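**Student:** Just need the whole structure built from these sequences, with the hints factored in.
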Amino acid sequence: MNDKGRDSVRPLIRLPDSPKPDTVTVVTALSIALILACWVLALRWVEYLDAIKPT
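93 is the number that our numbering gives the last residue of the sequence shown; the numbers go up by one with no jumps.
Hints were generated in silico from the structure; no laboratory data involved.
Be a bit skeptical, because a hint or two may be false.
Per label pair, the in silico range of CB-to-CB distance [to be verified]:
no., residue 1, residue 2, range
1, Lys91, Asp60, 42 to 50 Å
2, Ala89, Ser69, 26 to 34 Å
3, Asp60, Ala80, 26 to 34 Å
4, Asp88, Leu68, 29 to 37 Å
5, Lys91, Thr63, 26 to 34 Å
6, Asp60, Pro92, 45 to 53 Å
7, Thr61, Leu81, 44 to 52 Å
8, Trp83, Val62, 26 to 34 Å
9, Val62, Ile90, 37 to 45 Å
None of these values were measured; they are calculated from a predicted model.
Backbone N, C-alpha and C define an ideal beta-carbon position, used for all residues, glycine too.
**Tutor:** Set out below in structure tokens:
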């Protein structure tokens, strides 16, 4: 029973280990890209508002 339990636990531990770094890498890359995109859009929006000012 212990051997069967160990065999069933090992794949459960091994399977998440390989996708986890990929998922973390993808999420991190998307987060950084989203932050940079928002930062660039914010800078352009500020420049746009400065250009529109009548004074």
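**Student:** Run the structure past the numbered hints and jot down the numbers of the failing ones, going up.
**Tutor:** The structure conflicts with hints 5, 7, although it agrees with all the remaining ones.
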